[in-house]
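**Q** The hints should help you fit chain B onto chain A, whose structure is shown.
There are 2 protein chains.
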Amino acid sequence: MDDSFALASPSYAAMDRPESIDLSHHLSHLAKSRIASPLKGMYKYFQRPGMLMLAGGLPPPELFPFETISATSLQRNSFKTTQVGFGQWLWNWFAGLAGKTDEWTIRKWEEEKDKIQLSSALQYGAFCFHRCTGDWEKRMTAVLPKNGARALLRTLKSLPRAGTAAGLPALARFIYEFTSHVYRPGTSDFRTVINAGSTDAWGKIVTTLCNPGDGVLAEEWTYPSALATAWPNGIKPVPLPMDGKGMTPEGMDELLANWNPDEHEGMPRPRLLYTIPVCQNPTGATMSLERKKRIYEIAVKYDVIIVEDDPYYFLQTGEYEHDEALRAAARPKVTESDDEFLKSLVPSYLNIDYQGRVVRIDTFSKTICPGSRLGWTTCNPIFAERLERANESSTQSASGFAQALVGKLLAEEWGLTGYLRWLKGIKAQYRDRRNTLVDALLDISHASLDARKTSNGTYEFWTRGSGSLSEKGTMRSEKGAVELRKRRILSFVAPQGGMFVWLRVHFASHPEYNSKPTTDLLGALWEDLAEHNVLVAPGTMFSARTFGPGDAAPGFAQADEHLAVTEDGDGFFRMSFSSATPEQMKEAAKIIGDRVTKFFKD
Amino acid sequence: MDDSFALASPSYAAMDRPESIDLSHHLSHLAKSRIASPLKGMYKYFQRPGMLMLAGGLPPPELFPFETISATSLQRNSFKTTQVGFGQWLWNWFAGLAGKTDEWTIRKWEEEKDKIQLSSALQYGAFCFHRCTGDWEKRMTAVLPKNGARALLRTLKSLPRAGTAAGLPALARFIYEFTSHVYRPGTSDFRTVINAGSTDAWGKIVTTLCNPGDGVLAEEWTYPSALATAWPNGIKPVPLPMDGKGMTPEGMDELLANWNPDEHEGMPRPRLLYTIPVCQNPTGATMSLERKKRIYEIAVKYDVIIVEDDPYYFLQTGEYEHDEALRAAARPKVTESDDEFLKSLVPSYLNIDYQGRVVRIDTFSKTICPGSRLGWTTCNPIFAERLERANESSTQSASGFAQALVGKLLAEEWGLTGYLRWLKGIKAQYRDRRNTLVDALLDISHASLDARKTSNGTYEFWTRGSGSLSEKGTMRSEKGAVELRKRRILSFVAPQGGMFVWLRVHFASHPEYNSKPTTDLLGALWEDLAEHNVLVAPGTMFSARTFGPGDAAPGFAQADEHLAVTEDGDGFFRMSFSSATPEQMKEAAKIIGDRVTKFFKD
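Line order of the protein sequences matches chains A and B.
Sequence positions in the first sequence follow UniProt numbering and run 1 to 602.
Sequence positions in the second sequence follow UniProt numbering and run 1 to 602.
The following block holds chain A by itself, in its conformation from the complex (with noise of 0.2 Å):
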């Protein structure tokens, strides 16, 4: 890992970054009872040079059948950052470049105890120790129930400085490292906490900071699994309102600025925000730097902790350019460099975060695989040591064959600069996808709807000519008798990336609209395409408004999912380009285009 060493900025390093200031109110009863493992304290004869250890219950590692794990991995520059289209999607293959493998080996046994080995990254989680400054252990003591807090600052004292975290130390460290070159946290007392999977450290974030009866703000179309995780304890979502590009402050800003508990059943004003601001699930709408600033303030102002669920951070692929002449202007001739890669990213809330009240969740589920179970957690020294007592007590680390592979991947064979040399390559294998679906949807105009782009950047599918006048003179045009002849059924925003178009459907321009809930009719276009072999998600299901237990499966059949589309008659399908072919992309948005001619025919 010494190029890592070497690409850190000095300018960074160097520069005079704040402490996170003490928001150890925001722990809630649950994180403040948790208990530090009873055999943490005896660390510090676990050191000693002579030392007969009878103490602990640890297997011996030569009874771990695994003498060596080995992996053949893709060339860090696999994937071309400079593709073409879709033509060349599959250049590499041919060309023989992305068939090349590196081959390593990870041993039982090394001589070099700071390397990967099975005997320790298959024992029970090794410890290790981060570079962290602040007086945050004094802070602890007001925090704490006075025993749990003398124990506490007993175990830390008695550790070689400030702090543990569990995971393997060459994974710890390169994510430490990754995490302070990539994001520039805007606090120096940042700490990263391995964790299982960005699902699981969600949920002990969100117990950890809220009580049962508390309220998580959350964007009017998230991920459900969150809203899943948080439910069960008693803490449910509160929907904030967005636009083409992400939620909106003013939306945050107007509901926190009139919030009164006994218009929301005596929930206390939220004190947590959960967003995912980049390429989100599932609008794909990506939050210009900006609009996070306001954010920040707004949070500052009502004094809110921001859980930024990140996983499309390194999918960002810029915007969509329809014009293939243009397109290819745009497109880098040579493979950008690190700096001029990690530019083209919006910053992160931790870089605008000046008092440690940001949370950020990263995962290797997208960047390397989701069966790793795998990501960290950045967030204040406090937090960090509660999320750590939550790890000790459920998942302890993630698993040790992750940690291990990934972590030797990542830290041993690739550094910093091979693993952004690869994330480079996969933020150009998306943004072919995203070309191709979008390319695809716009195509849809060859067959039986007109398209077109509107000022803000939205595409719009409108009905020909051909057919009838609409039923409702809401949907009239003002601009003459041409245009009255036409219905808008479909438009989108071309996401910057990521994984997901958000299909927005007028279900105002169908014909039944006046005489069926609307949520039928969107339950209906769902069940036709499928029928037709083609799977959306439905949007019902990502909705923060209807989200509770009656909208679990599909359910269009619930009684209250008529809020899961927009006051104007407006429904949502999800569609990802992350896994199918291109193929498959055109040949579903020539069904999509067919079958919703046919469903809005009247």
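Where hints are given, some of them may not hold.
Note that the list lumps identical chains together, so a pair holds whenever it fits in one copy or between two copies.
Below, computed lysine-lysine pairings styled on DSS-like, alpha-carbon distance capped at 30 Å [claimed, not checked]:
no., residue 1, residue 2
1, Lys590, Lys245
2, Lys108, Lys586
3, Lys100, Lys115
4, Lys80, Lys586
5, Lys113, Lys586
6, Lys108, Lys80
Source of the hints: derived by calculation from the structure; they are not laboratory data.
**A** Okay, now just chain B, sitting in the frame of chain A:
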């Protein structure tokens, strides 16, 4: 896995076993309000040929950097089952037996769909379908809030048959067959759920079955991390009395019969028992089948759910025999058959469970490696379904790396008979380790203490006759003048395997017993041992009686810790024989004998 099926006893398979009874009234509020992942409802379309899948958010396996993962694994017969003491401990290595390894590879893609492959193992949790009978779906409707049940049933009905279980299909099948064959559960509709290790499994079980304010019955000396997991959820331990053979049926019956919430700060009569019945942590006690049966009947009587945490099950090595000739005679001459091996292990609570009120926790931590963070829970289908929901919104399934590597080794390399052979070798290893430590402890007598075995199987250490009279009349023997000059200082019951010896220190024999708090004496002796390079675990840390935030970290200084010794002034040290070398154990025993003698000198 062909051999596995051949092994499955036909008599057991054909046995007419009852279905589990309805125990859904045990579900906690939290468990009842868990929500099925909304995406699950679309699964019926997932299997359809030709479906264009744009619904999910899966990264394409082409972008996983791992093309193959290989391992060299020790052969199943690497460890002898017939070894003669620790002198032979490394025999296999010299003979080249243990060094023999198999090599195998998991590829990203395999022709055979059923074979373990990285493209699916490293993807978001594969779903698989177990056999499972019973009308438990119907029962769910009575349990869950109306809408939740409806949604759940809809989901379940869209699946091939009765329930899903997250995890790699090959591993999940192996685990189900292993459970069926090895434990022979008494109910026909038991299910197995893969989890991310025992601690995480227990956390989910206790919050699925207990509400805040509830209590958990636990052995008075127990695994503190289990209590630390329950505690922050407002669930407190209720200690049960033990003797040398584990918790006593009488103690449990008496406690439950006379339960008065007013005497327990309003806590209702506990409905959950957490027990480690085999080679218990920390006491090493192993419960007999007869005692298990009596405890099970008490559980039936008071409607208690038994959670059996059983990590040491395959480390049951049988009674300790000090006499070398007798020990050699008892030792197997050839490797025991699978039936002989399984019959040598005390049956699991699962086996005697005819109502489905046993929840068994299994782990690969002691038999494969702790770093797998992989295990499984066996229980009735209603509990299993709720535990799967808990997994979905947290760890999802266990790490795909761990599932693939352990799954491949067990299901595709070793099979059931191969794994049983491996377990026989592990058991023999722990037998030799146990013998080594107990032998070494008894050799203390060569130094300055006298050892003797009492009729109840306890070994005791007494001061030599040369010491002066005990200060306390209570310790005087009735046998005569010579014995009067002796004081009993240490004692222990030789464990039937596992990892631990529970050393009892009779502080009442200490000259300063009346002038100093007993915990101070315990602390002073522990620190003296540590300063002389022997690290053992102080028994205070395993006390369910004094557990709480104040008890974190070694904690000899807590005001109420005098409770962590018995009424007779006995304190405890837990000594582990799992990972030290024979030389280290002998050296440690020598130091203990030496220091204890000095410590008790008056």
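**Q** Is it within a copy, between copies, both, or neither that the alpha carbon of Lys113 lies no farther than 30 Å from that of Lys586?
**A** Result: close only across copies, 27 Å inter versus 53 Å intra.
**Q** Regarding Lys108 and Lys586, is the shortest C-alpha distance of 30 Å or less found within a copy, between copies, in both, or in neither?
**A** Answer is between; shortest inter-copy Cα gap is 27 Å, intra-copy 49 Å.
**Q** My question is about Lys100 and Lys115: at a cut-off of 30 Å on alpha-carbon distance, are they close within one copy, between copies, both, or neither?
**A** Cα proximity of Lys100 and Lys115: in one copy and across copies (25 Å, 25 Å).
**Q** Evaluate Lys80 and Lys586 at a C-alpha cut-off of 30 Å and name the case that applies: within, between, both or neither.
**A** within (23 Å within a copy, 61 Å between copies)
**Q** Between copies, within a copy, both or neither: which fits Lys108 and Lys80 at Cα up to 30 Å?
**A** Cα proximity of Lys108 and Lys80: across copies only (21 Å, versus 35 Å in one copy).
**Q** Classify it for me, Lys590 with Lys245: is the Cα-Cα distance of at most 30 Å met within a copy, between copies, both or neither?
**A** within (27 Å within a copy, 72 Å between copies)
Checked against the numbered hints given earlier, this structure breaks none of them.
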